Amino acid sequence: MNDQPLLKVHELSKFYGARIGCRDVSFDLWPGEVLAIVGESGSGKTTLLNCLSTRLTADVGCVEYLMRDGQYRNLATMPEAERRFLMRTDWGFVHQNPADGLRMTVSAGANVGERLMAVGERHYGRIRETAGDWLGRVEIGLDRMDDQPRAFSGGMRQRLQIARNLVTSPRLVFMDEPTGGLDVSVQARLLDLIRGLVQDLGLAVIVVTHDLAVARLLSHRMMVMKDGHVIEHGLTDRVLDDPREPYTQLLVSSILQV
Amino acid sequence: MNTHETELATYNFAYLDEQTKRMIRRAILKAIAIPGYQVPFASREMPMPYGWGTGGVQVTAAVIGPEDTLKVIDQGADDTTNAVSIRAFFQKVANVAVTTKTREATVIQTRHRIPEEQLTEGQVLVYQVPIPEPLRFLEPRETETRKMHALEEYGLMHVKLYEDIARNGHIATTYAYPVKVEGRYVMDPSPIPKFDNPKMHMSEALQLFGAGREKRIYAIPPHTKVVSLDFEDHPFEVQKFAKPCALCGAHGVYLDEVILDDKGGRMFVCSDTDFCEERREAGHVGELGVANKEAAE
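So the protein lines, in turn, are chains A and B.
The numbers in our numbering rise by one with no breaks, and the one at position 155 of the first sequence is 155.
With positions in the second sequence counted from 1, the corresponding number in our numbering is that position plus 258.
Bear in mind the hints are in silico, worked out from the structure with no lab data behind them.
Source: prediction; values computed, not measured.
Any given hint could turn out to be false.
Here are the computed distance ranges between Cβ atoms for each label pair [to be verified]:
#: 1; chain 1: A; residue 1: L56; chain 2: B; residue 2: E397; range: 18 to 24 Å
#: 2; chain 1: B; residue 1: E397; chain 2: A; residue 2: P79; range: 17 to 23 Å
#: 3; chain 1: A; residue 1: H229; chain 2: B; residue 2: G427; range: 55 to 61 Å
#: 4; chain 1: A; residue 1: Q249; chain 2: B; residue 2: E410; range: 48 to 54 Å
#: 5; chain 1: B; residue 1: L287; chain 2: A; residue 2: P79; range: 24 to 30 Å
#: 6; chain 1: B; residue 1: G427; chain 2: A; residue 2: A151; range: 17 to 23 Å
#: 7; chain 1: B; residue 1: E515; chain 2: A; residue 2: D183; range: 53 to 59 Å
#: 8; chain 1: A; residue 1: G141; chain 2: B; residue 2: T378; range: 54 to 60 Å
#: 9; chain 1: B; residue 1: S343; chain 2: A; residue 2: E129; range: 51 to 57 Å
Virtual Cβ for every residue (Gly too), placed ideally from N, Cα, C.
Please put together the full structure from these sequences, using the hints given.
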């Protein structure tokens, strides 16, 4: 299926009144590809991500998604029931703050199992087995399976959130600053884990980050945004090693060196 | 309609004015048409506090007629405060016949129980409901729960049961046990023990649920499928009791624990007082029961 893009974005714009959220964004995302959207705060990264993932409705433009049956569907005109089903089976969304993506009052096992139950799994033993398997893959011990995420550290919560999203083997995962708010060593482990999972599962990922190191480690391609516009777009190594736009040059040169 | 003619100022028949009753009846008809769906209605202030059955009272007031016979039960008993005061209320404002006999009643308002005796065609069972939304404790947003009902997204209900098993080794929900009505809506059967859940399935009686504070009415029409949710490897089970009723010796009924003294003495008796009395009148005696004649003195 590698000959067709998974997601086709055409001239996408979102306005907040007179203010621009994002404007005229077009790109294709291919299966198994990791695309980073970088830029400073307020540049429209998250707005774009929310428009792509149908959490926000775009004002102009369209997003088409390649369904499992090989047909493209316009996400904006898809019935809500179908869209929500797509979001909890074929897609994942990893929030910056794990509390937004997790149910903090139910156990880790139930958090991972929720999607399975949502698609009709009704066998407790099997749900538990799958949940345990996924907790293992994100390096959470089985002894923590019945603990609530509120008893987890920030890094563990984030890993739990990833497991919860991946349990239905999605093809596309959106990540909003997945490593924001974590200390560097935890960040490094998490990035390593995400990179491994993405490779093993052949996931397509759209990751929003302001951290260029994250983009460098995870992504194949990147888009640089400024004031709602995509100003530069290319292979990650090319953009970071040979930035063409003055703003991208500024961005790259402001990375702290240790 | 039928106001009391002897006094100067009085209440309309069954307390509520006719327009209000029409509004409630419309909601009831809609609820019957869509089994298990929570219909919003303009709940009125009733002369009792929220939580004492304001929803049930409004539903009863809307469906009751002068020829009806009313029975009111609270936790299975006809003689507890809530039951006595609601029964007295309808005697006063509707002047209807009242009874404690399940068989004789045409309208039964209940809190926390379904009578042991099987209900028959033509009877109406009105439940008092504190929280009509089965998904509420997992999803606090009303907009979201409504959407979940609309799109039939009920995975969350099983998350609750999963949590039960993960914590307790079995499904520990014993009351307000969620059910699926006619294969579509997941419904909270009000805080009846799960022991009573199977009685709702294919019942011949019409079952109406009124939540006054939450302003919702829902219904199960007669002969409707009502299935308790469960897992394949943890099937739904009702409570079982080690001993029969201590007074009437009945098996397979729901029992209440009664503390007898301060030395740990206790007995288990039928929670349905009418059922228990009838059995004792028929001569059944449990291990702590006394024969019928002496008990009367």
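Structure-based check of each hint:
Separation of A/L56 from B/E397 is about 21 Å and conforms to the stated range, judged on CB atoms against 18 to 24 Å. Look at B/E397 against A/P79: about 21 Å separates their beta carbons, and that is inside 17 to 23 Å. Our hint of 55 to 61 Å for A/H229 and B/G427 holds, since their Cβ atoms are close to 57 Å apart. For A/Q249 paired with B/E410, a C-beta distance near 53 Å keeps the hint of 48 to 54 Å intact.
Checked against the hint of 24 to 30 Å, the pair B/L287 and A/P79 passes, with Cβ atoms roughly 29 Å apart. Checked against the given bound of 17 to 23 Å, the beta carbons of B/G427 and A/A151, roughly 21 Å apart, stay inside it. The hint said 53 to 59 Å for the Cβ distance between B/E515 and A/D183, and at roughly 54 Å that hint holds. A C-beta distance of roughly 57 Å is found between A/G141 and B/T378, which places it inside the suggested range of 54 to 60 Å.
Judged by the Cβ atoms, the range 51 to 57 Å given for B/S343 and A/E129 holds: they are separated by roughly 53 Å.
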